[in-house]
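Number of protein chains: 2
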Amino acid sequence: MKKIYVAGIGPGGADGMTVRVQNALKESDVLCGYTVYIDLVRDMFPDKRTLTTPMTRETERCRMALEEAAAGNTVAMICSGDAGVYGMAGLIYELAQEYSDVEVEILPGVTAATSGAAVLGAPLIHDFAVISLSDLLTPWEKIEARLRCAAEADFVVCLYNPMSKKRSDYLKRACEIMGAHKSPDTVCGWVRNIGREGEEYQIMTLRELADAQIDMFTTVFVGNSQTRRIGDKMVTPRGYENKRR
Amino acid sequence: MKKIYVAGIGPGGADGMTVRVQNALKESDVLCGYTVYIDLVRDMFPDKRTLTTPMTRETERCRMALEEAAAGNTVAMICSGDAGVYGMAGLIYELAQEYSDVEVEILPGVTAATSGAAVLGAPLIHDFAVISLSDLLTPWEKIEARLRCAAEADFVVCLYNPMSKKRSDYLKRACEIMGAHKSPDTVCGWVRNIGREGEEYQIMTLRELADAQIDMFTTVFVGNSQTRRIGDKMVTPRGYENKRR
Numbered sequence: 001m002k003k004i005y006v007a008g009i010g011p012g013g014a015d016g017m018t019v020r021v022q023n024a025l026k027e028s029d030v031l032c033g034y035t036v037y038i039d040l041v042r043d044m045f046p047d048k049r050t051l052t053t054p055m056t057r058e059t060e061r062c063r064m065a066l067e068e069a070a071a072g073n074t075v076a077m078i079c080s081g082d083a084g085v086y087g088m089a090g091l092i093y094e095l096a097q098e099y100s101d102v103e104v105e106i107l108p109g110v111t112a113a114t115s116g117a118a119v120l121g122a123p124l125i126h127d128f129a130v131i132s133l134s135d136l137l138t139p140w141e142k143i144e145a146r147l148r149c150a151a152e153a154d155f156v157v158c159l160y161n162p163m164s165k166k167r168s169d170y171l172k173r174a175c176e177i178m179g180a181h182k183s184p185d186t187v188c189g190w191v192r193n194i195g196r197e198g199e200e201y202q203i204m205t206l207r208e209l210a211d212a213q214i215d216m217f218t219t220v221f222v223g224n225s226q227t228r229r230i231g232d233k234m235v236t237p238r239g240y241e242n243k244r245r
Numbered sequence: 001m002k003k004i005y006v007a008g009i010g011p012g013g014a015d016g017m018t019v020r021v022q023n024a025l026k027e028s029d030v031l032c033g034y035t036v037y038i039d040l041v042r043d044m045f046p047d048k049r050t051l052t053t054p055m056t057r058e059t060e061r062c063r064m065a066l067e068e069a070a071a072g073n074t075v076a077m078i079c080s081g082d083a084g085v086y087g088m089a090g091l092i093y094e095l096a097q098e099y100s101d102v103e104v105e106i107l108p109g110v111t112a113a114t115s116g117a118a119v120l121g122a123p124l125i126h127d128f129a130v131i132s133l134s135d136l137l138t139p140w141e142k143i144e145a146r147l148r149c150a151a152e153a154d155f156v157v158c159l160y161n162p163m164s165k166k167r168s169d170y171l172k173r174a175c176e177i178m179g180a181h182k183s184p185d186t187v188c189g190w191v192r193n194i195g196r197e198g199e200e201y202q203i204m205t206l207r208e209l210a211d212a213q214i215d216m217f218t219t220v221f222v223g224n225s226q227t228r229r230i231g232d233k234m235v236t237p238r239g240y241e242n243k244r245r
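Going down the list, the protein sequences come from chains A and B. Quick note: the first sequence uses my numbering, first residue 1, plus one each step. Quick note: the second sequence uses my numbering, first residue 1, plus one each step.
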């Protein structure tokens, strides 16, 4: 059977991936992915053939992987975090329609929302929304509407891609939009380089978050109305005070 | 150092946990958790001491685990999926304030949103909201407001705890609320027993989802306006048609 795994390797380190993913990589003939992620796994499997493409060449990368699988190789397409959260799983399914003899299997991993939450404490204990601030493929108005609705309904919010060179003020704009419904004292936090060398985090208020100095390797968390600071951690309670705790 | 790990073991099978979690369980003297989750790991570590409590005794369970850690044992508090998504991580931080010599470390795992998504295809490729339909600790009006806002902003929605004996009509009510902003033809899906024996899934429309026969081991997914069916899978595109794909 011709096979392609689309595997989420978690935040970065070898021990952040699931046993299932580790086994699938062992079993694969070829490892495909964005250069940075392939570098993360190359040390674990020095003898495997690897295929890499730069950041924005996703369609090309997926097609290359499917061609390898169609040629009879077992292929692992590697994504950071989870393969299905802003990952390659969807594009592989779309393109795989042209490769009917290739079986696709998605192997989930730990996405930055939950690996980042573990570093910050426990911000995602209650309902949450995950929003990417990248407007490369999504109209900014749509992103704004989501920020507004998520804040209005008191979701905890996790922001992916909060920053790039071209979008240096997007986090500030996002904070302003959410600030219409969330208190400026809302407990927030960011995590940088989750599970990798140089991991660091900071807890702050929504007011302070608007001017936070973050980079593209950062994931941002905005609490709900109940989220509080316990020591140096960000913790959201399991429910609301008017209900049994 | 006195230590408690709060570890997410993923969807169920031994190979769904991360290598890091597996190592932490090996290293622990005592494994604590809800009976069903402890049963999942007991086979892997037959010689470990285990402490279990039934479903609703979370505070008692966490306190028991912290007492064990305070007594000098390395303890692993085990959660299904991820420890920080409706898990015990928050409660442990709240209670750990009384045990200042116990170090808390949260070890993330694969939550049902992403393990379920991997079974269904790729529903979470774009912004999504995770909402629990359990009103045990949250007023139903709050849950309704979140469903409404998430639908209005065209989020993909993942529903945890969609069903219990006391709440047999909650999924239908949730579908009706989301139906005010989402088309009845919106592509939806459910997954049952993710990563465990008896795993099954079904793809359907929002109209059909309202009357779906599901149980408490089911996670439900409601697509955004762009989500479509490809073969027997549910796939959300990476962006919107008016933007470069």
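None of these hints come from the bench; they were simulated from the model. The reader is advised that the hints may include incorrect statements.
Heads up, the list lumps identical chains together, so a pair's fine if it works in one copy or across two of them.
[As the list claims (entries may be wrong)] In silico EDC-like cross-links for lysine to aspartate or glutamate, where the CA-CA straight-line distance does not exceed 16 Å:
| hint | residue 1 | residue 2 |
| --- | --- | --- |
| 1 | 48 | 176 |
| 2 | 3 | 67 |
| 3 | 172 | 135 |
| 4 | 142 | 200 |
Here's how the hints hold up against the structure:
Taking the shortest Cα distances, residue 48 and residue 176 never come within 16 Å of each other, neither inside one copy (48 Å) nor across copies (51 Å). In this homomeric assembly, residue 3 and residue 67 come within 16 Å of each other (Cα to Cα) only inside a single copy, at 11 Å, whereas the closest approach across copies is 49 Å. For a Cα distance limit of 16 Å, the shortest separation of residue 172 from residue 135 inside one copy, 15 Å, qualifies, whereas the shortest one across copies, 34 Å, does not. Neither within a single protomer nor between protomers do residue 142 and residue 200 lie at most 16 Å apart by alpha-carbon distance, with minima of 31 Å and 34 Å respectively.
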